[in-house]
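J.: Please model the entire structure based on the sequences and the hints provided.
2 protein chains.
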Amino acid sequence: MPAPIKIALDVMGADLGPRSALEGARLALENAPKLHLLLVGDESEIRLFLSELPIDISERTSVLPAATVIAMTDSPKDALRNGAESSMRLAIEAVKDTRAQACVSSGNTGALVATSKYVLKTIDGLRRPALLTPIPAANGVTIMLDVGANTQCTASMLTEFAVMGSIVASTDYSVETPAVGLLNIGVEAGKGHEVLQEADNILRESSLNYIGFCEANQLFSADVDVVVSDGFAGNIALKTMEGFSRYIASRMSPEATGVAGLDPRAHNGASLVGLRHVVIKSHGGADAVALSHAINTAMVEARADLPSKIAAGIAKLQSQ
Amino acid sequence: MPAPIKIALDVMGADLGPRSALEGARLALENAPKLHLLLVGDESEIRLFLSELPIDISERTSVLPAATVIAMTDSPKDALRNGAESSMRLAIEAVKDTRAQACVSSGNTGALVATSKYVLKTIDGLRRPALLTPIPAANGVTIMLDVGANTQCTASMLTEFAVMGSIVASTDYSVETPAVGLLNIGVEAGKGHEVLQEADNILRESSLNYIGFCEANQLFSADVDVVVSDGFAGNIALKTMEGFSRYIASRMSPEATGVAGLDPRAHNGASLVGLRHVVIKSHGGADAVALSHAINTAMVEARADLPSKIAAGIAKLQSQ
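Respectively, the protein sequence lines represent chains V and B. For the first sequence, counting from 1, position 113 maps to 101 in the numbering used here; every step adds exactly one. For the second sequence, counting from 1, position 301 maps to 289 in the numbering used here; every step adds exactly one.
Worth flagging that the hints you see were computed from the coordinates, not collected in a lab. Be careful, since some hints might not be right.
Pairs count within a copy or across copies, as identical chains cannot be separated in the list.
No farther apart than 27 Å at their CA atoms in a straight line, the calculated lysine-lysine pairs in the DSS-like style are these [what the hints assert, rightly or not]:
hint	residue 1	residue 2
1	K304	K105
2	K109	K179
3	K65	K304
4	K105	K179
T.: Written out as structure tokens, the structure is:
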């Protein structure tokens, strides 16, 4: 029987509005009897929703009222400067104050990354946190990172991402010795830019199961469990997949879409890895089903104490 | 009635071997009564194939024997140093000597780019040629460039790519004032790296129908007709699409795959734009149908004298 767990959910800031987020909360609570949600956002909206829920669900919630919302158009600086009373900031602070073991938000990505780093702090010795997401693959999922937190990266940062991705593949998806690839535009030595050459050299000497460069068409194959890139290339790959998936789905019947594994909701929830606590970014367009998946990822990572595992992995890397 | 046209086809170097390339040649000849193909490669293989063809097809072919083949593993340097007798080199030289109006090869991309630049020369005033490919989109196709010829680019190079892409959208696809976007990881000003900021500024002042930054999920939408990027980001996007397409197709029935527009053969054929002659890179894994599409693209671009149009566009850009 799993232990009780409490997660702070920012119910504001997503494209579909708080009602959809609250439906996602309900779904997550129904699926996980030990889950408690701290619902952060517009108090009247939340209380109205809770009043409609059966008591065995609503009793596993608490409410943290927030006066403001970080807009999708706010810069990370705006969020830090003016967001003190925002639902996102309060949800993150609830984790810092140990009122919750993880935080989930569908809001502005840049603001979430900046605020989480500021409030929750980066793991000792780690250069930068990264955004990590699972994508569908022939053998289940492939873990991709970074998908947007760091536009430009050094070789040391990419190496640390490889360590973190490998730990997540083991922790969240039970892959024993995850095969790690470095995203490039060719697999031959000498391809790509200098940072990739340097990271390739470091990773070859590491204790990871590093398989070398991989190309973007291998992302969905069984060749690799973790694919490491800077946040620019990773974001291009992820959004290409999203856009192409939508394009294909628009030309197919809903049944065929389901069969083909084109439902992106099953993979919703990017982990902001490298912080001292668990933070999950849910897609801005996430519906209730998608959000419940993101909450589930938060539960898995908090229960496994992913930040401690990553801290140990980074310490080990640096002792080598 | 279109004028007769002669295209040099490198029948070697593709994954499926010369027989498949020759089947593609036959298909192209059947579809285009004014097409003449100069078949470059292993003479006995080609002659054997021709002996099986009806006379009205085989009479529109000629044979250029080539003693060697550029391997997929050869570096561009290897190709330039040791490839003098290769099918790829001889096909390109046939274009230079005006024995053909365009060249099509399914061989090694790096070798094709390097050899074509060396033999056919870059258009006056243009910094670098680029690899351009159509991808499927809600409004027909989106033109992407660069997809792999230039790993790193300056803002001036990206601006020239925008001009070339716009001309190809008009010439090959009859788009009147193509909407041009610059691939980035967000649409807000200030996103991405410095080169993108600088290119964005130049393009805003240009006479192109420039719509600003676009994200990779817009590649398949009707938002944009031409998407400009460096060859690293473009290659990542293109190969992500290819890999995801294969992943989806592996989970669907062949009928559903066809309906969904997942057959990549219809978009086979990347144009190496910015040279003084037309060169088309067919996919290494192209089958006969796919290769015939690439040959068709070569016909369209040669008939329209695309290199002259690009030369005029680049001259106009530089006079501004």
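J.: Next, verify each hint and record whether it holds.
T.: Now the hints, each set against the structure:
1. K304 to K105: within (22 Å within a copy, 48 Å between copies)
2. K109 to K179: Cα proximity of K109 and K179: across copies only (24 Å, versus 35 Å in one copy).
3. K65 to K304: neither (34 Å within a copy, 41 Å between copies)
4. K105 to K179: between (33 Å within a copy, 19 Å between copies)
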